[in-house]
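Trainee: Protein chains in written order, with the working numbering: chain A, 4 to 304; chain B, 774 to 1011.
Simulated from the structure, these hints should not be mistaken for laboratory data.
Cβ coordinates follow ideal geometry from the N, Cα and C atoms, glycine included.
Treat the hints with caution; some may be incorrect.
Unchecked claim - To be clear about the criterion: a stretch of chain B counts as covered by chain A if any three or more of its residues have a C-beta under 8 Å from a C-beta of chain A, and this derived list gives those stretches: (1) 810-816; (2) 825-834; (3) 842-851.
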Amino acid sequence: MSRPMPNPPSGVIHDIGYRKYDGPRLGRRQVTRALFAQSLRGAYGLGRSARAKVLPMLLLGVMCLPAFIITVIANVTSSITGELPLAYSRYAVVTQGILTIFVAAQAPASLSRDLRFKTVPLYFSRPLERSDYVLAKFAGLATALFLLLTAPLLIMYVGALLAEFPVGRETGDVLLALVGAAVFAVVFAGVGLVIASLTPRRGLGVAAIITVFALSFAAVSALQGIIRYEVGNADLAGWLGLLSPITLVDGFQSWVLDASSSAVAPPPGDAGGVVYVLVTFAVIGACWALLNLRYRKVSVS
Amino acid sequence: MNGTVVRLTYRALLGGRRAWLLLAMSVLLLAMAVLLRLTVGVDHQVTADFLGAVAVAALVPLFGLIVGTGVIGPEIDDGSVVYLLSKPISRPRIILSKFAVAATGTVLFAAVPTFVAGLVMSGTAGRIALGFGVAALVASIAYSAIFLLLAVVTRHAVVYGLAYALIWEGLLGSFVPGARTLSVQQWSLSLTEAIATRDLVSSDVRLAVAGVLLAVVIVGATWYAGQRLRVLSLAGEE
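Produce the complete structure using the sequences and hints provided.
Mentor: As structure tokens, this is what we get:
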């Protein structure tokens, strides 16, 4: 027998002071800009743990050290030589190992964690388009690489001015080298990010990127050397340079910017130069398209 | 060694598509060797240059890096290594099992193709193929041991290993001759120098010194990795 309850339950809704957000709602552009800033800072470990800062800062130091040594040598021997012992535009190729390590370490750090912890769908639930995410990440890593290349170039430039080399010539040279550095940065960032976006596992991404960069550079340089000097076919050796990102951009800047090449064989003639330029832009465009294609569909589970 | 650990590591390393990706790199080396044989013909200096620059200086360290860190790195990374460590198997034995898989993998995918590429380009003349094959074999084992140790010590093993392979052996070695004395690449090349009858390669390290250093590195790195695994602490995601 159920007895009727003596008092019917009475509930009270307490107002505990929750408020709606009534501040300004920032749009797509601001989200993109914030993501770009976060990616750029993250590439140097800023805003991340102390352990994440060690490697990028170490690489930045290692990157600047040769420039510093070059500057000292230039200042000591300035009366004899009258120019820097290493041309600005060759710096990126000489230190390509450091650039490769930086891309290999930071491209997966930028993308893989978002994939692994399923944060990508959260980004896309905001007013942020797929292409904005790709743009922010791409621009972030490319800018980080560009800064990594700019720092030693500026050290060398200041050193050249201190050694009282002709100001006009040095300024022109360093500006051309900066344009080349920008192309280096964009190509490296693009290739690195495409590979990194394919795997949620950081370790695998790192290994894949270094394999693509280091193995292709070693193989292309060795083949170029053999075909140029043992076979004596400089044209074929020049065409081979298209097959590695590093020799590709080196050929690009040696033809477009008239910079001194560090590759074993420069692009063969004007036709070769045009092909190098086209391939460079095609690589950048392909990376952009592939990244957008990759992020059209992101699995949640 | 422990059969189960070996079998599981082997499956994790080569299961699925990973074996094909690794095989693609070996095939690339052989393809370039065939191409050079067809375009250049038999030229022992070309063989030595090519194998020295591509196989011993790039392919073998990269394989050692990927395979050596790959046998234990992902497990430490995602934390599943605790299930392995909680089994009643001593830590040095786990390391020994992992090392066996890593060394076998690197030898199969990097050293054997190097030997075959040497045969394709120069035949058996002057024992060049044999010299480079032995160098690649020894270097494979040494790199596996070093990079396995690195994977136990740090989570960024691939990056630091790469820094050693590219900056120390590559960049610094070409400017500072002293750095070459402490380089696995030069130690293994001293074996090539001793085996190959023609005077095509030169190493900065004497054979006896290189042999002792190689043995010390392989044994020492494997032993120390076992010690480090005993006190492994699982750090959180950074």
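Trainee: Check each numbered hint from earlier against the structure, then list the numbers of those it violates in ascending order.
Mentor: Hints that this structure does not satisfy do not exist here, as all of them hold.
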